[in-house]
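Trainee: With these hints in hand, go ahead and build the complete structure from the sequences.
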Amino acid sequence: MTKHSNIAIFIPHNGCPHQCAFCNQRTISGAVTQPTAGDVREAVKKALASPRFEGNHAEIAFFGGSFTAIDRAYMMELLEAAHEFIKSGQVAGIRISTRPDAIDGEILEILREYGVTSIELGAQSMRDDVLQMNRRGHTARDVIDASQLIKKYGFSLGLQMMTGLYGDDNHGARYTARRLASLRPDTVRIYPTVVLEGTELAEKMRSGEYTPQGYEEAAQLCAGLLRFFEQRGINVIKLGLHASDGVEGSMVGGAYHPAFRELCEGILYYRLIRRTLSEQYPNGGEFTVYVHSRDISKACGQKKCNIVRLAKEGWSVTIKGDDSIEGKERRKCEIIEGDVNRNGKDQNPLCKKERT
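Residue numbers (this note's numbering): 1 to 356.
Any given hint could turn out to be false.
Claimed, not checked - With a Cα cut of at most 27 angstroms, we get these calculated BS3-like pairs of lysine-lysine:
| hint | residue 1 | residue 2 |
| --- | --- | --- |
| 1 | 332 | 304 |
| 2 | 87 | 152 |
| 3 | 152 | 238 |
| 4 | 45 | 87 |
| 5 | 320 | 304 |
| 6 | 320 | 332 |
| 7 | 151 | 46 |
| 8 | 45 | 151 |
| 9 | 312 | 238 |
| 10 | 312 | 332 |
| 11 | 332 | 303 |
| 12 | 332 | 46 |
| 13 | 303 | 45 |
| 14 | 46 | 87 |
| 15 | 151 | 238 |
| 16 | 304 | 238 |
| 17 | 303 | 320 |
To be verified - Quick list of simulated restraints, FRET-style, between CB atoms:
| hint | residue 1 | residue 2 | range |
| --- | --- | --- | --- |
| 18 | 285 | 135 | 52 to 62 angstroms |
| 19 | 178 | 309 | 27 to 37 angstroms |
| 20 | 309 | 208 | 25 to 35 angstroms |
Simulated from the structure, these hints should not be mistaken for lab results. All residues carry an ideal CB built from backbone N, CA and C; glycine is no exception.
Mentor: In C-alpha cells:
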C-alpha cells in the first residue's frame with residue numbers, strides 16, 4: 001500500500017456559510033490567521049527539505065475550511081502557489097477539503113486545471129435529521145450528488161464522517177458508513193465527536209440536552225467502522241482528531257484520546273484473537289500468539305489490556321513478533337498452544353497452529 005502523505009495547509013473556518021454545532025476549526029487546526037501564497041510555498045519547501053518526506057506520493061492538502069467556498073481570487077492565489085510544485089514534479093498533487101454543497105462542474109474544471117487530485121467532502125452524517133440538528137446546512141442528497149460529480153471528473157474521492165453527533169446514535173453511524181461506502185470513495189476519515197469550548201454542543205451538553213460519547217464507547221463503535229471500510233477496500237486514512245494542545249485544552253467532553261486509532265486497532269486484535277481461541281480452544285489454556293512485529297503493541301492493547309482481559313476469560317496469552325506473518329488482511333495472527341519460541345514453533349510437530 002502506498003503511504004499516504006501530505007503537506008497540510010490549514011485555512012481555519014474560511015468559506016463556511018454555516019456555523020456547525022460542533023465546529024471550532026481554530027481550535028482543531030491550531031491556526032488563527034489565513035495563509036498566504038507565500039506561506040504555502042514556505043510550507044512546501046520546508047517539507048521537501050525533510051529527509052523523511054516522500055514527495056513522489058505527497059499531496060499539498062488544504063484543510064480546515066470549505067476550500068471551494070472561499071473568495072475565488074484567494075482560492076486561485078493558493079492554488080497557483082501549490083501548482084508550482086506540481087509542475088516541477090516535486091509533489092504528486094493537491095488535496096482539498098470542502099462542503100458537499102460547494103461543488104459543481106465549473107469549480108471542478110478549475111481544480112483540475114491547477115492539479116488538484118483529491119477532493120474530500122465533509123459529509124459527517126447521511127441522516128438529514130442529524131445534519132439539520134447540527135446545523136450543517138446541506139442534505140444527504142448533496143453528498144451523493146457531489147460525490148458522483150467528483151468521480152465523474154476523475155478526482156480521488158474522500159469522505160469524512162462523524163460519530164456521536166447530537167441526535168445521532170451507533171445505529172445512525174453504521175447507517176452513514178453504509179451509505180458512504182456505497183458511493184465508492186477512495187478514502188474515508190472517521191471523527192468521533194469532541195465537544196469543544198465555544199460551540200453549540202458545549203452549551204447543549206451543559207444544559208443536559210446532549211450527552212456525548214466517551215472515548216471507550218466510541219472506540220468500540222469506530223473499531224467496527226474501521227473493519228467495515230477495510231473489508232470493502234476503502235482506506236481509512238484518519239481515525240480520531242490529531243493530538244494537539246488546542247484540542248486537549250479546549251475539550252469539555254466527548255471522544256478524544258491522543259492514540260484513538262491504536263485503541264480501535266487493539267479492539268480489533270482482541271476480537272480476532274478471542275474469536276480464534278474460543279473456536280479452537282474453548283476450555284482455555286496457555287498460548288503464544290504471533291503477529292507481525294509492527295503490530296505487537298496493538299495486539300497487546302493499551303496497557304496490555306487485551307492480555308489482561310483474555311486471562312480473565314481463561315486464556316493465558318503471550319504475544320510475540322513474527323515478520324513472516326503477512327497477507328491481504330490487515331490483521332493476521334498465528335496461535336500456538338503452549339509457551340513456544342520461534343524455533344520451537346517450526347520444529348515441534350506437536351504444536352497446533354491456527355491461521356486466521
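Trainee: Identify every previously stated hint that the structure contradicts and give their numbers, smallest first.
Mentor: Of the numbered hints, 7, 8, 9, 12, 13 do not hold.
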